[in-house]
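Q: Sequence:
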Amino acid sequence: MPSGRTGAMTSRITLRFDLGSQGRIGHGKIALLEAIGTTGSISAAGREYGMSYRRAWLLVEEMNGMFDQPVVETRNGGLKGGGAELTARGQHLVRVYRETEELVAKQARSSLRELERWLAPATDAETPTT
Numbered sequence: 004m005p006s007g008r009t010g011a012m013t014s015r016i017t018l019r020f021d022l023g024s025q026g027r028i029g030h031g032k033i034a035l036l037e038a039i040g041t042t043g044s045i046s047a048a049g050r051e052y053g054m055s056y057r058r059a060w061l062l063v064e065e066m067n068g069m070f071d072q073p074v075v076e077t078r079n080g081g082l083k084g085g086g087a088e089l090t091a092r093g094q095h096l097v098r099v100y101r102e103t104e105e106l107v108a109k110q111a112r113s114s115l116r117e118l119e120r121w122l123a124p125a126t127d128a129e130t131p132t133t
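Read in order, the letters of the sequence shown correspond to residues 4 to 133 in this note's numbering.
Each hint can be trusted.
Just the calculated beta-carbon pair ranges, DEER-fashion: (1) 61 - 126: 32 to 42 Å; (2) 120 - 77: 45 to 55 Å; (3) 108 - 53: 23 to 33 Å.
Bear in mind the hints are in silico, worked out from the structure with no lab data behind them. The beta-carbon is built from N, C-alpha and C at its ideal position, and this holds for glycine as well.
Assemble the whole structure, with the sequences as input and the hints as a guide.
A: This is the structure:
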């Protein structure tokens with residue numbers, strides 16, 4: 004049966020770990036951690052994703068409280084200014100998430116293609132949501 008849509012599909016699997024009363028870890032928090040690892044700054048990482056420093060800080064605090072060890076450590080300002088870095092636990096969390104995401108995507112690829120074939124035709128006014 005032909006697909007109802009034309010052009011490149013943007014469908015994808017998204018992964019979220021629901022950790023009971025401890026909270027949830029999904030794509031957004033992992034992306035924030037990766038940006039902190041790259042920029043060395045909670046503020047800069049938040050800006051990359053259009054969030055305020057306060058929002059980014061609250062997410063970091065939430066994640067630090069979820070696990071037996073912090074995932075991000077911060078440094079107070081000084082001659083070189085403050086900063087933040089992923090701890091070994093934070094690096095491991097990102098790695099576990101990305102590896103699991105890849106495994107799930109591989110396993111679900113054929114199912115996702117089947118669902119894409121069932122989609123109604125797109126109209127010019129529609130914008131894909133993810």
